[in-house]
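Using the sequences provided together with the hints, build the complete structure.
So the protein lines, in turn, are chains A and B.
This note's numbering applies: residue 1 is where the first sequence begins, and numbers increase by one.
This note's numbering applies: residue 1 is where the second sequence begins, and numbers increase by one.
Bear in mind the hints are in silico, worked out from the structure with no lab data behind them.
Everything numeric in this text was worked out from a predicted model, so none of it was measured.
Certain hints may be false.
Just so you know, same-sequence chains aren't split out, so a pair can sit in one copy or run between any two.
As the list claims (entries may be wrong) - Below, a list of computed lysine-lysine pairs in the DSSO-like style, where the Cα atoms sit at most 27 Å apart:
| id | residue 1 | residue 2 |
| --- | --- | --- |
| 1 | Lys486 | Lys299 |
| 2 | Lys486 | Lys625 |
| 3 | Lys486 | Lys624 |
| 4 | Lys167 | Lys350 |
| 5 | Lys523 | Lys299 |
| 6 | Lys625 | Lys524 |
| 7 | Lys356 | Lys167 |
| 8 | Lys299 | Lys350 |
| 9 | Lys530 | Lys350 |
| 10 | Lys523 | Lys624 |
| 11 | Lys309 | Lys625 |
| 12 | Lys299 | Lys356 |
There are 2 protein chains.
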Amino acid sequence: MKISALLTSAGINIGLCSLFLSLYSLLRKQPGFVYVYFGRRIAEDNDMNEDSCALERLVPSPSWIARAWQYTQDEILEIAGLDAVVFLRILVFSIRVFSIAAIVCVFGVLPLNYFGQEMHRKHIHSESLDVFTIANIQEGSHWLWVHCLALYIISFSACVLLYFEYKNIASMRLSHIIQSPTNYSQFSVLVRAIPHETGESISDAVQNFFMNYHASSYLSHQIVYRTGKVQKLMSDAEWVYKKFIHLKSTAIKKSCRPSTYRCGLCGGTSNSFQLYCNEFEPDGKKPSPNVSDSQTKPKECLAAFVFFKTRYAAVVGSQLLQSSNPMLWVTNLAPEPHDVYWSNLWIPYKQLWIRKITVLLASHVFMFMFLIPVAFVQGLTQLDKLQQMFPFLKAILAKNFTTQLVTGYLPSVILQLFFYTVPPTMMRFSAMEGWISRSGRKKSACFKVLSFTIWNVFFVNVLSGSVISQLDAITTPKSIPPLLAKAVPRQATFFITYVLTSGWVSLASEVLQLFALIYNAVKKYIFRVKDDPNSVPSFPYHTEVPKLLLFGLLGFTCSILAPLILPFLLFYFFFGYVVYRNQIINVYCSKYETGGQIWPLVHNTTVFSLILTQIIAIGVFGSKKSTVTMILTILLLICTLLFNEYCRQRFSPIFSNFSAQDLIEMDREDEKHGRMEGIHQMLLSAYSQFPPDVTTLDLFESRSPRGTIKDPECLHESHTM
Amino acid sequence: MKISALLTSAGINIGLCSLFLSLYSLLRKQPGFVYVYFGRRIAEDNDMNEDSCALERLVPSPSWIARAWQYTQDEILEIAGLDAVVFLRILVFSIRVFSIAAIVCVFGVLPLNYFGQEMHRKHIHSESLDVFTIANIQEGSHWLWVHCLALYIISFSACVLLYFEYKNIASMRLSHIIQSPTNYSQFSVLVRAIPHETGESISDAVQNFFMNYHASSYLSHQIVYRTGKVQKLMSDAEWVYKKFIHLKSTAIKKSCRPSTYRCGLCGGTSNSFQLYCNEFEPDGKKPSPNVSDSQTKPKECLAAFVFFKTRYAAVVGSQLLQSSNPMLWVTNLAPEPHDVYWSNLWIPYKQLWIRKITVLLASHVFMFMFLIPVAFVQGLTQLDKLQQMFPFLKAILAKNFTTQLVTGYLPSVILQLFFYTVPPTMMRFSAMEGWISRSGRKKSACFKVLSFTIWNVFFVNVLSGSVISQLDAITTPKSIPPLLAKAVPRQATFFITYVLTSGWVSLASEVLQLFALIYNAVKKYIFRVKDDPNSVPSFPYHTEVPKLLLFGLLGFTCSILAPLILPFLLFYFFFGYVVYRNQIINVYCSKYETGGQIWPLVHNTTVFSLILTQIIAIGVFGSKKSTVTMILTILLLICTLLFNEYCRQRFSPIFSNFSAQDLIEMDREDEKHGRMEGIHQMLLSAYSQFPPDVTTLDLFESRSPRGTIKDPECLHESHTM
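Below, the structure written as structure tokens:
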């Protein structure tokens, strides 16, 4: 690839991005799309109203960027919670570290690469991109110490920044825990694998056990119910029926208030829903799980939420081994009420370990099976080989236009389509693992998507150029550094275009919300379903975090090898910072809060990227016969590993545990201000598996307690990628 | 090697064993060696007296075997504690599983191997041992299903037996915890990394913190002191001085009571020690750490023992994260008073992680550096090559006798000598890691010695025959099974002789206590030091457990490949059962009790052996072109892994935690019987870093609080291998 081709590609992508952004700045002013672009704000305050005259609506403007900039970190913390802030910290960290890397590498390493060999210089425009990579440096060159120094500067600054980010986020997490309004999950413990003798109810078993061993701190408990298969089928049928009624009532009402409908700012009322409720149960009686009607009473699970009088008691109850059989009376701190993944609570605890192993195997199989479409797509780009194998294709591919389409456009479309299946699949895998919280499920899916992306974008692409046929080479640890050292610079051009297409354009389409836009339009104008202010998507951490971390990995690994990637990447992170701020403020709703638990994953992945970079550098220095720099890089590698171990010791326990000191202080504070009584009262109704204002039939498992659509997250997975 | 050679070797070793055993049965009756052979019994009850007339003393008899058999498991539990019982359970498990394996393999697999190929049959005596291995089976043979079936039977019975052993030992551990007399460690928590402001003493900091956050359950605390370098040097000098005085006084007293000295049954009095005490401190004043004399007052460490009112409170205090900085107020359940490894308590908590990493690296380097003497020894057996390289050797090695000595005897002596350095080195490594308990240090050393032994005896020997020069092959995971499949049957003969020499003879020399005997004789008759009834060695788990597990590994891996090893191995385990019972009852003293914490290591190693066996079998079946058996073995491998995971879930938490239920029940029991007050009283003096009856100068770190010799364990390491 030549410089001119790269600039052309950049130009096209910049054009595409500009188009998307202008479109966005227009559409966001149209009231019809307010649910797409201001979902969170509508859900939070229904009276949201943008004063804009008709003319302004038709002129694209970059004012939204300025608005996104205006918010301070504290405001975002208040609006969207700590998780969103932590997500933005990933971007801040990336911008900082890649600014340093860009300065060092573009001014230090790039000229060295370019003048690395005596050669005939072409005009800069038609120069191949390879002359900017380390491949252009001669063997045994005395200038490799510059690369080594650059690597030292990048690694050192990355470690220092990582350390301060970790420290900063840990202290934010602590103050979030201490200062946040009462979190009922801190008083609650989820008990599973409850043993009970025949004749004794599960509720009695729980009460007896905790009254016996934790009498002073035990407050109450709540059994988890399981709705059976038949009930699930019935409720599914009811859901369809309800939707139908809903449609009908909307259609009737539409004629009465056409203006409000068109405006789209009126906010949803729940009249139609109430109507249906009354229709369905003419006597108005609402079934509750406490009613002793054997038909409607759901089955008890071997799980219960146990509430304690203090936070400290709850954390003690959750961390201690309760019984001498570790498979009985298994306790964990309960997730937040909105975070509970009810449909997994019925899973017997004994099944969990085997589920985890199965999912681990399945996700690895899925990861490697993905090589098949990749290989197929790579086949499409080599049409001559395909034609040799399948002669009948010759006639079809004779036309130039078809060939161009097949080789140029189809492969990436097919690959992208395959990639869209990954996050929902991983989400399903994580659900199968038996996570008891939505956030846990999402975090696990995030890790799976991350591994998948790094494997399939980085490793498969790097190795496919050289040794996809000899997979043996991958299994020989010693031969990996020289292999990567050869392959990474060669693939650097691909990674630059990847940043342009998959990075920039995906950000632009994220801000445009292409899928949500189409989905919304179809729903509204074809199916005539009214906008639902409650169906706001939650932030898709499991797709966005892996994306950022992948670009970080590409940036680190290419930094000293092919520094030309850095300016493009830096722009991606700046652009991403603005886009995600905007999305977090306007679009996504945070239904639950993990308190920044994603950061350890980010930290570990960044350290992994650094170490991979250093391993590749060792390979490069080795192949360039520069022993001193190789030894220096090995030293750097050891220091990076030690740094990681220190951070693990120092910070990671904070992200999985609460400290006794803090909890006791919080309890004392609440007691001093006389809030404890109120908390205890609220606690008893905090975890409602069956929300009181919805009928039992509406309560099947995979529906969130807040929304009315089937599972807002699952839905979201499929349309925001 | 031929059958006749094997039988000769077995004959020689049986002769050697018989000699050692007769010698033992004679020597044990001699009063002069009573401290060597009945150390534990003398330490426990000083009035031990064996009635035996002069004639009986001179006739070897196997009566000790019968006596060792007589003890029941409960009696051994009472005498030597749970750790000893768990050690004997390893032998019982091995006997059971290898009995099954021997029956299946000797009657099923062995004839099949022998008749595997059409060949000229020699007389059975001069038949090569190779015809009894699986190498004799033809490629594509239809009889390989017998091997597969045998592997299934062995794996299945091993898993079933392992499960029941684990279950049994877990319940023994639980009842040991519940029924054992008051264990002060259950009330105590070791706090490290105590932060304190300038001006505030550490003791005040501890008191303030625990009075603030654990006021209801906090009882008291005790600061750990550090004796400085100068004090250590001084005390070292004093130790030498003391020994000199001791020698002198012994020499003086010897003339007064020659008869008691010769009899050796009089039991040690501490008169001489008292004498020295008074001599050294003429005013009789004993310094104590509470005396405010700045010269003798030791420095305070950032560590303290904190005592709680109940066991439950202590376990809560030990398991919770105390502070929001995980590197401060680090709590662990305290070890038993006799188990505390005082000299490691001063290590700052912040150093621990880097110490662990350093030791990990160092022990791996040590493991691989050991290849150098192994290679040297292998060089000795190939004299012709050596002579080519060093021509001057020709003159020396011309004589036949020298050659025989060098090739036949020297290599194994050198190798054995090198092997003797391993356990003390690993013990030192483990001490450097910063374990706070002797048992933890020993367990860690046990693991290190185990890895070392398996690597250097099994893998290096197996691979040296084929590919020691191409270490690359080891780093390619895929090529390992076929490699092992080729190498293991070839090395089977070596392993059989290894069982004979290193197994049988080491047991015989264990019972004879060769090193202790020589050490004792030298000490007594040359240095004229009196026997010390308190210097009883503790059981060297860190050398004996790896030995047993290594033989288990050899048994499993060779079982279907070369079944001829099994009868020899079975005899080893039977013999070992008798010998170790005898040693546990008579010789070794258990100073502390871990409650069978070694079992998870035994379990995991056995599962590792099974999996290694199955991997080798997969390689063998693959090379014999038997696809069905290969697939069946892969299934078996997966089932074994699942079994291990289940056991890990079900049992392993019991071995690292106490359950709340049990602790609360124990606390209630003590309170009901009014024992709590007494326990609290005793608790305050249980952990005495400075035993009251010994002078301060005598108290330097590496001395056990009970014994008077420098470090009985370290001493023991060097003479019982």
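Hints and how they fare:
| no. | hint | verdict |
| --- | --- | --- |
| 1 | Lys486 x Lys299 | neither (61 Å within a copy, 58 Å between copies) |
| 2 | Lys486 x Lys625 | within (14 Å within a copy, 38 Å between copies) |
| 3 | Lys486 x Lys624 | within (11 Å within a copy, 39 Å between copies) |
| 4 | Lys167 x Lys350 | between (38 Å within a copy, 17 Å between copies) |
| 5 | Lys523 x Lys299 | neither (36 Å within a copy, 76 Å between copies) |
| 6 | Lys625 x Lys524 | neither (65 Å within a copy, 64 Å between copies) |
| 7 | Lys356 x Lys167 | between (32 Å within a copy, 24 Å between copies) |
| 8 | Lys299 x Lys350 | within (19 Å within a copy, 51 Å between copies) |
| 9 | Lys530 x Lys350 | neither (44 Å within a copy, 60 Å between copies) |
| 10 | Lys523 x Lys624 | neither (60 Å within a copy, 63 Å between copies) |
| 11 | Lys309 x Lys625 | neither (67 Å within a copy, 67 Å between copies) |
| 12 | Lys299 x Lys356 | within (25 Å within a copy, 51 Å between copies) |
Consistency with the previously given hints fails for numbers 1, 5, 6, 9, 10, 11, ordered from lowest to highest.
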